[in-house]
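*Asks:* If you want the building blocks of each chain, they are given just below.
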Amino acid sequence: MDTYFHSVRLDKDKCRGCTNCIKRCPTQAIRVRNGKARIIKERCIDCGECIRVCPHHAKYASRDSLEQLDSYKYKIALPAPALYGQFNNLDDVNIILNALPSLGFDAVFEVSKAAELISDVTRLYLEKMNPPKPAISSACPAVVRLIRVCFPELIDNIILVNAPVEEAGRLARNRAVAKTGLKPEEIGVFFISPCPAKITSFKQPIGTDKSNIDGAIAINDIYPHLLKAMEKIDEHDELVALHESGVIGIGWATSGGEASGTLNDNALAADGIENCMKILEEVERGNLDSVDFIELNACQGGCVGGSLTAENPFIAKSRLMKLRKYSPVSCNRLPTKEIPSEMLCSVPIEPCDDVMKLADNVQEAMARMSRMEELLKTFPGLDCGTCGAPGCKALAEDVVRGFTTEHDCVFRARQELQDIENIENPEQLEKIIPAPFRETLKKD
Amino acid sequence: MDPIALHYDVSGTDFTCAGEASGKIKKALKELGFPTSITRNVAIAVYEGEINMVIHGGGGVIDAEITPECISITLTDQGPGIPDVSLAMQEGYSTAPDNVRQLGFGAGMGLPNIKKYTDEMVIETEVGKGTTIKLKVFVK
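Protein sequences, first through last, are from chains A and B. Just so we're aligned: 29 in our numbering is position 29 of the first sequence, and the numbers increase by one with no gaps anywhere. Just so we're aligned: 86 in our numbering is position 86 of the second sequence, and the numbers increase by one with no gaps anywhere.
Just chain B, with the same shape it has in the complex (with noise of 0.2 angstroms):
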């Protein structure tokens, strides 16, 4: 059976937006008849993706290929890209600007939270020229 695929463009610019995507993937899920869990750890993972494209990314795409077995995330971004991955990756390091902490965001949990509740996750990322995040959820 082939995979569904859903494809979403997030905007740079419009915080109200920011969230969508993610809601609509977690909607397709629901209906599908994932476990609960599964669901809500592929929601979470890809909100937070999301919400870095919207703050650091200015905006992309976002593509999810969901099979009964896994769920695997690309999120496509042409922002300034990652200096330093492992930096990036520690809990608590942010590089949001302050009119964005203001809006509760850039707490410096967005990767690390990507992580925590993926199975997989790749990034490639070349600054100048954007960063893309692959992720994996299986389900057991």
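The following block holds chain A by itself, in its conformation from the complex (with noise of 0.2 angstroms):
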């Protein structure tokens, strides 16, 4: 498998070569080059910022469909939490669980359930495991990617516990072989996510060698089918009672639902990608260090505002706060006060900076920073991103790196053209004028 698998995509055709994108990356992961956006794979932490501000809907989430669960024998749903805030008027969970059968799945099983294990393991880790204080969640796989490209200090502070959905995944299918003696690998474990960052977490695990999950399903894409198949649930049919979840297992969901899941006061959550990086520089100057929990998630509101949701995150919200109003404060407990080590990572996180480095040595980085130094002072400085590049200063960092040259700078080119207008020689001017210009310019 390539090194770096990522689910967030680009479709070329659709793809204009405007700079949204490339201002929205918190990594900036993206320029535009040669009219199209190219992903910098090595920088890209699959936040989904880019499928959002997308006005072209160029940018997706490569994902499976619904036939992909024709490989297995018996197929698990595991709906996220956030998949039941996305339905109007939904007073009982079991409704949508109960529906999921319908569109191929053998059983279900709540990743909210998980998620409730996660927190009384998250306490006992807190309680026993005496973690370096902040101790961050690893639960949003775009925040444990983003502490590991431009965080490389902060890995020890990131609990080593499993995603909910890991757990969920691992639950289900020794459920599944218990209860049907098949062989695990004839069992497929699908995810109904409203993430890219965690469908590319099946793929390219971090903190454990194989992922329990076989494939992800988007939100967005089985919204319409489940609708359908709740709708034909009548309502005076007996439904069976598959939701086994409190409003712990829910309040994952939205922002704050985890850090109060750990019933620790002295936690604090923080939502959205430059939210989180604000925090996560704050932990850094070392202004967080009597708090014992943070709480991150990369997307606005919580898992909620994925990209690859239905609804509104705030809709939502809303929504998941009328629908666990009556529920039981959480319905699964660990048995034991030991957190079984099977419910921990097995493999540490390992930092992933190399790419923000501007060289292998300092030497030659010292290099390469004046020389950044000496074009930026050739630049506008009004990071337009006319050139392809988030800003100036990522533009000289590409021109220092080799990737591309000065000239792609247009208020340069602009500059420079008035300075060699009496220039007859074409080749002196191929030179010096950037590529998109040159037909213009013989035209005139």
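Among the hints, a few may not be true.
[As the list claims (entries may be wrong)] Derived coverage of chain A by chain B (criterion: at least 3 residues anywhere in the stretch with Cβ under 8 angstroms from a Cβ of chain B; other residues may be distant):
#, stretch
1, 34-44
2, 280-291
[Claimed, not checked] Only pairs whose alpha carbons sit at most 35 angstroms apart, straight line, appear in this in silico DSBU-like list of lysine-lysine:
#, chain 1, residue 1, chain 2, residue 2
3, B, Lys115, A, Lys36
4, A, Lys183, B, Lys24
5, A, Lys23, B, Lys27
6, B, Lys24, B, Lys136
7, B, Lys30, A, Lys41
8, A, Lys36, A, Lys278
9, A, Lys393, B, Lys115
10, A, Lys36, A, Lys357
11, B, Lys136, A, Lys357
12, A, Lys210, B, Lys116
[Stated by the list, open to error] Some chain B residues close to chain A (C-beta under 7 angstroms, calculated; not the full set):
#, residue
13, Glu31
14, Leu32
15, Ile38
16, Ile44
Think of the hints as simulated: they come from the structure by calculation, not from any bench. The structure displayed is predicted, hence computed values, not measured ones. The C-beta atom is built at its ideal place from N, Cα and C for all residues, glycine as well.
Hints given; two lone chains; assemble the complex.
*Replies:* Here is the structure:
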């Protein structure tokens, strides 16, 4: 497999080469080259910001289709708690859970159920494992990737506990093996996902060698089918009681839910990738050393804000509040006071920050930084993005890395055009004028 | 090779800008590929110094000189100066006014923290004239 798998992809036909995505990418992982966006795979953290912001819908997340279910003898749906907030006037989660089998699933296992167990584990982890403070949740895969790329010194603060979806996959498969007698590999475990970064984490897991999830169906793909199936369920039908989670489990869908599930008042929750970065900067400065637990969600509002959801995150959040109002606090408890080892990450999380360094060694990096400073003096400092890089500094960086030349700057080009008005030699012109402008100039 | 020189002005009135200079120095060190421990130590020390400049010094300037072997930082202000440096170096000693403490600053850990996170720390101060703090972190 490719060293860097990403679920976030570009549809080249739809891309118009505008600068919306390059401006919003938190790790500056996108450039526009030759009129099309290009994702720098080493930097991309699959947060999905570009999917959200692209006006031409040229960014998408690779995901599985319902046909993929056919590859397995027994199929399990793992609905994300965010799914429950997608439907208007829903008063019983069981309607969703009873409708899912008609789409081809043999069983349903709620991720919110596993989330309640992970809340228990997190409580024990904070109490017994004595992690460096503040301990940072590993539940949001985009945040974990952000830390690896941009905040490597905070890796030790990450709580090494399975994400709820991984735990749900493990438990669901075990349950299915016991029930059917099938081999584990004959069972297909599919996450109903609000999130492209989760999809990446199944193909290229962090914290474990192999994911427990076999495939991912986007919430906005399954939504119309599920809606139809739910409409078919008559209100007089006897619903099977499949809903096995309470306030804490469903709370994981929205920002602050995981933190309140720790039952620790000395916790902090932030959502939206820019806010997450600000909090991580505060942690780096040592300003949050007294906080016990930090929950960070790359998406605004938490998982309900995922780029693969169907409903507005604030509406979904409001519905979830109503839906869980009369639920028990939690329906799942760890049977022991010890953390089961299978619920902890089996592989350490490694930094991934080489891509942010200007060179392999400090000397070379210093030389490049000095050259960048010189280049920056010749750029307008407008961060307009017209060159295809998110700002003047990023362009200077691209130049010293040898990916492009300073002639990409249209302001510089304009100046240079003025300076060389009298140059007649066409070869000389070729050298100085960036490719897109050569034709125009010839016409004149 | 010439060292990398960075220069920043620090506002003496705007708390929202506090941390900007140290943030930029930290970013530069990350880009230059220094070990994370070095970057972290420098960033924390400079941040503490920067906050001090805002709270006490009425703003000032921060200069960084970076070589592969050593990161030197000079923080200069024209503030009130420190009357008793050894007292100021004690953990928990603070002269910060209440409005500053309410913002979560002024716990009396600024100077002790700077010392803790650097290899060399020299304070030149004169009451009524200002303070210059010179820091060095060696890259082992």
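*Asks:* Are lysine 30(B) and lysine 41(A) close enough, with their CA atoms no more than 35 angstroms apart?
*Replies:* holds, 19 angstroms
*Asks:* Between the alpha carbons of lysine 393(A) and lysine 115(B), is the straight-line distance 35 angstroms or under?
*Replies:* Distance ~33 angstroms between lysine 393(A) and lysine 115(B) Cα, so the pair holds.
*Asks:* Is the Cα-Cα distance between lysine 136(B) and lysine 357(A) 35 angstroms or less?
*Replies:* holds, 22 angstroms
*Asks:* Check whether three or more residues of the stretch 280-291 of chain A sit with their beta carbon closer than 8 angstroms to a beta carbon of chain B.
*Replies:* holds (count 5)
*Asks:* Is the hinted pair lysine 210(A) and lysine 116(B) satisfied, with a Cα-Cα distance of at most 35 angstroms?
*Replies:* Distance ~42 angstroms between lysine 210(A) and lysine 116(B) Cα, so the pair is violated.
*Asks:* Measure nothing beyond the straight line between the CA atoms of lysine 115(B) and lysine 36(A); if it is 35 angstroms or shorter, mark the hint as holding.
*Replies:* Outside the cut-off at roughly 50 angstroms; violated.
*Asks:* Lysine 36(A) and lysine 278(A): Cα distance at most 35 angstroms?
*Replies:* holds, 30 angstroms
*Asks:* Given the hinted pair lysine 23(A) and lysine 27(B), is their alpha-carbon gap at most 35 angstroms?
*Replies:* Holds, at roughly 19 angstroms.
*Asks:* Given the hint that lysine 183(A) pairs with lysine 24(B), test it: the Cα-Cα distance must not exceed 35 angstroms.
*Replies:* Violated - the C-alpha atoms of lysine 24(B) and lysine 183(A) are around 54 angstroms apart, more than 35 angstroms.
*Asks:* Taking the closest Cβ pair, is glutamate 31(B) under 7 angstroms from chain A?
*Replies:* Since the shortest Cβ distance to chain A is 5 angstroms, the answer is holds.
*Asks:* Can we keep the leucine 32(B) interface hint, with Cβ of chain A closer than 7 angstroms?
*Replies:* Holds, about 4 angstroms.
*Asks:* Verify this for me: three or more residues of the stretch 34-44 of chain A with a beta carbon less than 8 angstroms from a beta carbon of chain B.
*Replies:* violated (count 0)
The structure shown violates the earlier hints numbered 1, 3, 4, 12, 15.
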